[in-house]
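Residue strings, one per chain:
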Amino acid sequence: MYELICIGASWGGLSAIGRVLADIPTAVDPAIVVAQHRHVDSHEGALGELLGLRIDRPVRDVEDKTPIARRNVYLAPPDYHLLVERGWFSLSVDERVQYARPSIDVLFESAADAYGSAVIGVILTGANEDGAAGLAAIKHRGGVAIIQDPIGAERRAMPDAAIAATVADAVLPLDAIGRFIYGLCVEVAKTA
Amino acid sequence: MHTEPSQASHAAMQELEDIELQLLLEGVFRRYGFDFREYAPASLRRRVRRRVHAEGLTTFAGLLDKLLHDPACMERLLLDLSINVTSMFRDPTFYLAFREKVVPQLRTYPFTRIWVAGCSTGEEVYSLAIVLHEEEVYERTRIYATDINESVLERARAGVFPLDKMREYTQNYIKAGGMEAFSEYYVAAYDGAQFHRSLVENVVFAQHNLVSDRSFNEFNVVVCRNVMIYFDKTLQNRVHGLFYESLAHLGVLALGHKESIRFSPYEERYEVLDSSEKVYRKVA
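Chain order of the listed sequences is A and B.
First residue of the first sequence? That's 1 in the working numbering, and the numbers climb one at a time after it.
First residue of the second sequence? That's 1 in the working numbering, and the numbers climb one at a time after it.
For reference, chain B alone in the conformation it holds in the complex:
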């Protein structure tokens, strides 16, 4: 008869897997310099497990062996760990709030620098560019769009998104206060929608690692939505420090709907511009 393993062996199994995962992250860091050791474990474990299966392997230790000896395998893991799935005008109410509460402030500046941190494949960058264009402030704005991964930046630069997403994106765009016909912003080519190059005229795409790189400019706005949810609390606090340092006085910080600066060491340094949209302004 089949017998279930005992409680003790369950615990041992778990412990072994934890050890393997820690060794893998340590190995990746020491061999390639990418530091995922302070990522939130649950999502990380899920993504690494998917890579284990995709490589036809069974254990984290097996994957570590392959990673150490095969840089191409590391490239694939890096993609798994750094692609943050997003969509154009995800959370349309955020863009509405941006139009109403942030843009008026930007109008008072001769020039505005915006940092989109962890821009992944760029959907958010193009959305923001469209909003700034419609609000007639794009001409005097520069957007710095950064990501840890050079190959997702390539895709962001290309500005081609799946055609079958355009229905959803159009609906989002309208809810986000869109003023034109959304289809004005792209041309259909094969199964992709190629967004107009003019939208990225004032965008600089560059590699930047939030975990290990320093601040590189002073910004009026930092947008970092649904990126830090993949980090653990310690790393989150460090990145909050990076953003705080990078923001000019009265600079705006925009986080995802379910993120917050509450309980971070920088809570007192910001005022709330929009509590449900998680938009803050640096005041101290």
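Just chain A, same shape as in the assembly:
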């Protein structure tokens, strides 16, 4: 069964992430981790407060060694890489990857290492190529790869790069992604 949903976004990501999270019904059980490229100085709690208003789940900014609990939404803090361990998060201040910290690749690759085939990776809008290698790593370990359809994305570079890097399980318009995740986590689970 799936244990972790990882979402990566950059340019235009704020509203895209809000939309996807709002569309995932509360019956969907796995923890959700979000890496959104943010400016170093961006106000700490702003993204969390914004999302918290729109969705019916606890939204938390991750600190070092925060335990991973089901249903919660976790946000990568600005200017740190967020990494997934088995049961908790760790942070690093290693070099930027693809000019980004948090890097979506770092998050996704560590999630693939820790949770293997129990990971669902989602790449949304963005103007760079971060996340493509990470999504491929998730797929390589037997997880699920979902990519926002570049045609409707605010910036298509990131979805395009992800599509080129791996065989996606689904390339979907933004408003169909929550529903697809529901199908994976709830409907499939019922019939299994």
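One or more of the hints may lead you astray.
To be verified - Now the in silico label distances, taken between C-beta atoms and shown as ranges:
1) A:Pro25 with B:Phe216: 17 to 25 Å
2) B:Tyr266 with A:Asp61: 22 to 30 Å
3) B:Lys101 with A:Ala176: 45 to 53 Å
4) A:Gly18 with B:Ser183: 42 to 50 Å
5) B:Glu267 with A:Gly87: 18 to 26 Å
6) B:Gly33 with A:Arg86: 22 to 30 Å
7) A:Arg96 with B:Leu23: 28 to 36 Å
8) B:Ser215 with A:Asp61: 29 to 37 Å
9) A:Arg179 with B:Glu267: 37 to 45 Å
10) B:Ala12 with A:Arg179: 32 to 40 Å
None of these hints come from the bench; they were simulated from the model.
Even glycine gets a Cβ: it sits at the ideal position worked out from N, Cα and C.
For chain A, the structure is supplied; the task is to place chain B on it using the hints.
Just chain B, lined up with the frame of chain A:
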């Protein structure tokens, strides 16, 4: 047709890699005495993997073989594992808080000892020295800057940082409450900025391993920012014990923004001086 490996083979692949990594860490410890076995696995795996590729190898087991027989390779891995990337006045608000909430306490002491633990290439040490200098307490302060790695200490001693970083550092410095023109503190030489030697007059750079070495003095302030994020919980708690032992009564402990002494066994022994800057004071 290409078929994806089954779930079972994914799990087996993962397990094999875990075994290899554990053997590598065990081998490094037994051959060279450096103990990375209690580091947080995700960052560690990422850094070791980078070394595997840089050596032209494909597996952790392959790297272990090379490490055991080639000390130069171990030197390179040690650099990978011990360089903590940092910048001058990273998190300027921390230095503001230090000026406002820690310095007044230091003014009441005839002499102050500060330990910067895990100082890496020294950016934080020079930043702190500048703050202490501007607050006119540097003259009666000694900073002990330690790191596990002798070659990063060499770079810290040299005090030369990339010239192209100075714009960013200047902005940080201003936000950190800087009182001078930042360029007063260095001279440009080739592509490096050489910081004034007077800033490290009262700094002792020394090798110290947080994992295995004991406390070596009593301090009024311990600064250890974004170092313990690379450790697992057990090791973190042990290092918290080391810091607790090393601090004088009312000594100050400064951690990174996303670190905390909450949930550590020493939580009750400190009071919070600044909750968002993660500055604590030993009270019990």
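> Measuring from beta carbon to beta carbon, are Lys101 of chain B and Ala176 of chain A in 45 to 53 Å?
Replying inline: holds (51 Å)
> Could one say that the CB atoms of Gly18 of chain A and Ser183 of chain B fall in the range 42 to 50 Å?
Replying inline: 43 Å Cβ-Cβ, so the 42 to 50 Å window holds.
> That 17 to 25 Å hint for Pro25 of chain A and Phe216 of chain B (C-beta), does it hold up?
Replying inline: violated (56 Å)
>> 22 to 30 Å was suggested as the range; check whether the CB atoms of Tyr266 of chain B and Asp61 of chain A agree with it.
In response: holds (24 Å)
> Is 28 to 36 Å right for how far apart the beta carbons of Arg96 of chain A and Leu23 of chain B are?
Replying inline: holds (31 Å)
> At the C-beta level, are Ser215 of chain B and Asp61 of chain A separated by a distance inside 29 to 37 Å?
Replying inline: holds (33 Å)
>> Given the hint of 22 to 30 Å, is the C-beta distance from Gly33 of chain B to Arg86 of chain A inside that range or not?
In response: holds (28 Å)
> Okay, Ala12 of chain B versus Arg179 of chain A on CB: inside 32 to 40 Å?
Replying inline: Given range 32 to 40 Å: holds, Cβ gap about 34 Å.
> Does 18 to 26 Å hold as the CB distance between Glu267 of chain B and Gly87 of chain A, or does it fail?
Replying inline: holds (21 Å)
> Given a hinted range of 37 to 45 Å, is it respected by the beta-carbon distance of Arg179 of chain A and Glu267 of chain B?
Replying inline: holds (44 Å)
Of the numbered hints listed earlier, the single one contradicted by the structure is hint 1.
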